[in-house]
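Protein chains in written order, with my numbering: chain P, 125 to 783; chain D, 568 to 713.
Honestly, the hints are just simulated from the structure, not real lab data.
Some hints could be false.
[Said to hold, decoys possible] Straight-line alpha carbon distances no greater than 30 Å define the calculated DSS-like cross-link-like pairs of lysine-lysine that follow: (1) P:K538 to P:K391; (2) D:K657 to D:K685; (3) D:K685 to D:K706; (4) D:K705 to P:K639; (5) D:K685 to P:K639; (6) D:K657 to D:K611.
[Said to hold, decoys possible] Label pairs and their calculated CB-CB ranges: (7) P:L497 to D:P616: 21 to 29 Å; (8) D:G667 to P:K639: 27 to 35 Å; (9) P:G321 to D:R598: 19 to 27 Å; (10) D:Q618 to P:R461: 54 to 62 Å.
Don't be surprised by glycine CBs; every beta carbon is placed ideally from N, CA and C.
One-letter residues, chain by chain:
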Amino acid sequence: MIAELGLLALIIAFCTAVVLGIVPLYGSTQRHSICIAVARPAAWVQLVFVSIAYGCLTYAFLDNDFSVSYVAHNSNSKLPLLYKISGVWGAHEGSLLLWVLILSGWTGAVTIFSRTVPEEMIAKVLGILGLVSTGFLSFILFTSNPFARQFPPVTEGRDLNPLLQDPGLAIHPPMLYLGYVGFSVVFAFAIAALITGRLDMAWARWSRPWTTTAWSFLTVGIALGSWWAYYELGWGGWWFWDPVENASFMPWLMGTALIHSLAATEKRGVFKAWTVLLAVFAFSLSLLGTFLVRSGVLTSVHAFASDPERGLFILIFLIIVVGGSLTLYAWRAPGIRSVPGFNPVSREGALLINNVLLVTTTATVLLGTLYPLFIDALGLGKISVGPPYFNTIFIPLTVPLVIAMGFGALCRWKKDTFARLRADLSILLLASLVAGGIWPLAMNHYSFAAASAGTLGCWAVFTAVRGLWIRATPGRRWRGLVQTPRSYWGMTLAHSGIGIFVIGVAFTTIYSMEKDLSMAPGDRISVGRYEYQFDGVQNLPGPNYVAQTGTVIVSRDGRTMARLSPQRRRYLVQQMPMTEAGIQAGFWGDFYVSLGERLDDSGRWAVRVHYKAFIRWIWLGALLMAAGGLLAASDRRYRTVVRLPTREPAPQTAPDLTG
Amino acid sequence: MTPLRRQRFILVGLLVLGVSIALGLALLALRENINLFFSPTQVKAGEAPQQASFRLGGMVVEGSVQRPDADLSVEFVLTDTVEQVTVTYKGFLPDLFREGQGIVAQGMLNSNGIFEAKQVLAKHDENYMPPEVADALKKAKEMGLK
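Using the sequences and the hints given, assemble the complete structure.
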């Protein structure tokens, strides 16, 4: 009964989405006020009914209703509560429902937080979101109904994929989706602006907080995924350049470019056409990511059972979205007028470098990700592109990006000179060189690569903090800092996060130690300054698995540093083995041990012993970026009604765009 | 030049420069880092390279997994149901590595025709078959029918 209720709610939501996708768009072009007024209530009705559908599916999970095929395949009566809740998005059908729920949520949020935006514009934005929603709801209803019953019903479910029974992975998809789907809002704003021809600074100002918020969630989502891949054995470590990882990383790169391009458009009225294009691309890459993950066309360590037919549906949807948007763009773009003129040495100039580098990076990642697909389609054989390709192109492109970032944040808008910046920059450069050069001395061996990365990371942090310090002029430092807008604080945090991330990546790569060996109980092995002692393995039962738990004591000079309990679990229903690493996290490095398999009857085990230097800095950097993004998005000026300053043309009377 | 022209000129110049550098790097990197995939049948037919690294995929033959010493070295046989190739590997096997499971190994052939794997990948879903392996099995089956 509950499942049928959920399906009914989903059908009502679909009908509402169709109405939302047609009526307000029609109304806003015909200036029909009643049709425009439909937009906000329709968005709410859609959100309510999608929530009901989602609630019904959750109820079916909690109620162990194994007559529902999706629940029977992804749950079990012994599954812990947390994983019954997260199991809702544990497989294809439910994760799409989560996607639509989040899309409806974003749509609802647009109705609340856009009081400052004219009704006609909002009607268009909501209408476009309605169209996107229509696409996804029809996808669910026609190809992937989560409420389908199965006959005869079973008494026990097949359990959630053991791999997903982990707190990190439970919240990873919602975060990622909040980011992916969030780009639909800026996409809708961009398309709405293209339709009206009002690509002005106000448009950029409306779009900015949405983009930055979505980007922050995406950052957290990717960081969670990377964290999880780190402690899960056999997943290739914290980053593997796997197609599915790239699928989430490409929208992130494009979104980063978009955030910066929007800043230039909002503040200076430049790069308008470019910004619109980036908005379209960021959303298209999100859709492409969904397609890659859901269709299984690419070989990936992360690939799950997938269905080519569903992939085809998303591909067609993707073609409609990209094709439609680009056609609209081609028609409207010649009329877009950017405010001309800026000096190459200026913040606009630096943002331009940022955009060129980020877009190029995205393109090369895209090339490496899709290349096997092209080769296969041409019948030239099955290939895969390995991590060395991505490292080779990624590092030369991102190093200049970080250098330019430090420079750009200190530049003035429109026109600046090297002469003015020279004093500041040379002191900062010197400080970074000294700090970066000295740092590796504290490590167990000196590495010039580490010194370079340390310099680069320090440069990012120092320039970011210096920018803030300049605002706090002597004599009124405290007031200067208090009056600094949140968006500036956000930028400082995010840019510092980049620096910390760079140091984390480099130092982890250079200074981590790893040994794979076979150990009998009582065996000791030294890794750097630390000694790891293996104390054997015991059997421990879990709620829906049995675990073999090893004990490893880490000590330094006889002093115990950590007691690790790596596990090898066997989940009872799916008979699937899972390895849970034993980790003690530390600011300067993690002790990490994982258990392989039993090698003989005398208690010998395959043991992987790690010391992961600076690994936490990678996620700390990512969290700083996300926090910076959220802080910037909460800046007061996005919430105040847009006063139309005299230097900006009043949008209603003087559209920027003729065409 | 007017400021607008100059700005456009710089923009286009930077774009062209960035794209050409990136394209050069990308093509260079692609040439060196492509991993070709071969099935046991192709390996036995001598199609696989002798000196270069490639990917070998197939099912792990039941009862073929052996650990000659009590260390991490392991030996097993991969099959596409027609031909078989022996694989040696030293290190950690993925969680889902087991007999009867489809896996992909990355490595090189040695002079005895044994595949020395540097990396072994298995998928984290027991219903899942790596697409290349599925394809190789299908091809081998078709050949068997002829």
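- Query: Any of the earlier hints contradicted here, and which numbers?
  - Reply: 4, 9
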